[in-house]
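Colleague: For the protein sequence lines, the chains are Y and B, in the order given.
If you count the first sequence from 1, position 110 lands on 110 in the numbering used here, and the numbers rise without skipping.
If you count the second sequence from 1, position 58 lands on 58 in the numbering used here, and the numbers rise without skipping.
A couple of the hints might just be wrong.
[Said to hold, decoys possible] List time: in silico SDA-like cross-link candidates among lysine to any residue, alpha-carbon distance up to 25 angstroms:
id, chain 1, residue 1, chain 2, residue 2
1, Y, 6, B, 7
2, B, 2, Y, 5
3, B, 3, Y, 5
4, B, 90, B, 152
5, B, 2, Y, 40
FYI, nobody ran anything at the bench for these hints, they're computed from the structure.
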Amino acid sequence: MFQRHKAALLLGLTSFLCLAFLSWSADRVVRSLQTAFHYLWAPSTHVLVGSLDHAGRFSARLGQLLRADQRARQFESRWLQERLDTARLRVLEEENKKWSDLYHLPSHPNFRPVAGRVWGRDAADWFHSVLVRPGEPVSVGDAVITVDNNRPVVIGQVRDVNPDGTVRVLLLTDSFSALSAKVDRTGELGLIEGRGSGLLMNYLFADSGIRAGDEVVTAGLGGVYPPNLLVGRVSDVLEASGSLSKRALVRPAARLGTVREVLILACLPPLVP
Amino acid sequence: MKKHLIFLALTFGSGLVFQSLFFYIVPTSVPTPQWFLLGVLALGAQGRTKTATTLGFFWGLAQDAFGVTAFGTQGWLFALAGYGAGTVSKYLNADKWGAQETLTITATLAVAVGVQVLSALFVDAPVGSPGWGVVAVQTLLNGLVAPAVFWVFSRWADLWVLPVKNA
Numbered sequence: 001m002f003q004r005h006k007a008a009l010l011l012g013l014t015s016f017l018c019l020a021f022l023s024w025s026a027d028r029v030v031r032s033l034q035t036a037f038h039y040l041w042a043p044s045t046h047v048l049v050g051s052l053d054h055a056g057r058f059s060a061r062l063g064q065l066l067r068a069d070q071r072a073r074q075f076e077s078r079w080l081q082e083r084l085d086t087a088r089l090r091v092l093e094e095e096n097k098k099w100s101d102l103y104h105l106p107s108h109p110n111f112r113p114v115a116g117r118v119w120g121r122d123a124a125d126w127f128h129s130v131l132v133r134p135g136e137p138v139s140v141g142d143a144v145i146t147v148d149n150n151r152p153v154v155i156g157q158v159r160d161v162n163p164d165g166t167v168r169v170l171l172l173t174d175s176f177s178a179l180s181a182k183v184d185r186t187g188e189l190g191l192i193e194g195r196g197s198g199l200l201m202n203y204l205f206a207d208s209g210i211r212a213g214d215e216v217v218t219a220g221l222g223g224v225y226p227p228n229l230l231v232g233r234v235s236d237v238l239e240a241s242g243s244l245s246k247r248a249l250v251r252p253a254a255r256l257g258t259v260r261e262v263l264i265l266a267c268l269p270p271l272v273p
Numbered sequence: 001m002k003k004h005l006i007f008l009a010l011t012f013g014s015g016l017v018f019q020s021l022f023f024y025i026v027p028t029s030v031p032t033p034q035w036f037l038l039g040v041l042a043l044g045a046q047g048r049t050k051t052a053t054t055l056g057f058f059w060g061l062a063q064d065a066f067g068v069t070a071f072g073t074q075g076w077l078f079a080l081a082g083y084g085a086g087t088v089s090k091y092l093n094a095d096k097w098g099a100q101e102t103l104t105i106t107a108t109l110a111v112a113v114g115v116q117v118l119s120a121l122f123v124d125a126p127v128g129s130p131g132w133g134v135v136a137v138q139t140l141l142n143g144l145v146a147p148a149v150f151w152v153f154s155r156w157a158d159l160w161v162l163p164v165k166n167a
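Chain B extracted, bound-state conformation:
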């Protein structure tokens, strides 16, 4: 349990560090891969549903706190994405490229739609949709980097030798 919490905290911290470094190099004005979402999906696809849901919740809130979406929007959507990926992990092989891409593209589009719906429902003056062109580019970028992210998270989890049933 203790090991699991350390894993959770370190993964959360490393994700924030990576995101900060990434945005130090790449300007935030251009579409970039959604690293947090991909990380959540990678963990969920390994069957680590609770870890993916928890990290999705906190990473999403971190994005909300720094971003333009209402506080809680991405926190909820990423938590849902983690839970969804964990639930369907029984039916797919996360090591297969096709499964990774399907999961990534579906989740990216679902999150994009979710952000729009939640903004429309909960925000009085939404900042405006980024447009489906941006969503398409983001989906493409997510799809391109997804295999690498899935591989990194698989190796990272292997390092900790955590049983999936406790995760």
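Okay, chain Y solo, but in the shape it has when bound:
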């Protein structure tokens, strides 16, 4: 009898208990029971959620570790490649020196970069020069460059050294500014002159293949600028009919209005072989 109606008795018991809980829900005993029930199961939730949080943090850190390991491998690979390149360059340098000695060629000029900060601008000379405070003493005529889009680009040249330690840098765009340059794509030489807001590349041969978009870089002649520093890009080619030469308008690569930090390339005496 009892076995047959065990389920019904169980239901009766649970129903009785639930009805008792509901009827005396305001009673201290029932409230204590509810609180006890709550606190009996609350830790399991905290333990579970805490474990999940720990697992999440562990996974995130593992991910960071793996990414760091990957970066370390990349750096190691680059470091090895650079060591190989350095060794190769050393061999080439020695070979070059041997040939230069054989033909008695003068050495290339050597440059020492000096960092500087743009200190001010003269209202009377706003578009033509900037005042720079270099970290070390520099000389008149030293080249001034900056880095734009991870490429060294030419800004101008030191014109005056002031008694307060600042130097006046004559910008490329000034009409008194000039530097020897070449078209990077074709290797043709010319002279870059300042034209106010832009530059003009002069003395190109009439059959020159220069075209709009070509990059113009320093030629490295004269020992003021090292070769292959970006000067600007050709915006237009001027061809006069019957003329023996071509000219090109060049847009400066450096944003001269926003330059804040510069490198001054102090010219050192050539390396003695």
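Assemble chain B onto chain Y, guided by the hints.
Modeller: Relative to chain Y, chain B alone:
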């Protein structure tokens, strides 16, 4: 008997763990399937009336302790649902999709009505009805996941090789 008690305790614990994990992932502010109710129905539909009634009682009280309903409301309703499912299990085939859905939808609606009635009867200041829209969404969600829950509980019970007559 001992095996049966272990089964009962493990099912109860696993249900709480699952519910905790579920609410860790899904916010409690949105309608979700009533996993405890579905578990109780699945066990009841297998003919395990006593197990379903007992688990319904304890799972329901756990929900009451953490939820907004008066302590005992869901405990009683889930126990009733387990007993009801166990009683009607003789007349239906729990492996059939149609039987599972019928049982689930009926029980979900009955529990929703039951919660309202018990709140009105026993609570001085009811927190307010969730609205029939929420009940409809919950019924739909229960109906969607019911076959999976029934299948899981069937496999879980099979693992223990428990005779139904002792359950």
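Colleague: All hints, please: hold or fail.
Modeller: Quick rundown of the hints versus the structure:
no., hint, in the structure
1, Y/6 with B/7, "holds (18 angstroms)"
2, B/2 with Y/5, "holds (21 angstroms)"
3, B/3 with Y/5, "holds (22 angstroms)"
4, B/90 with B/152, "holds (20 angstroms)"
5, B/2 with Y/40, "holds (23 angstroms)"
Violation of the numbered hints given earlier is absent; every hint is satisfied by the structure.
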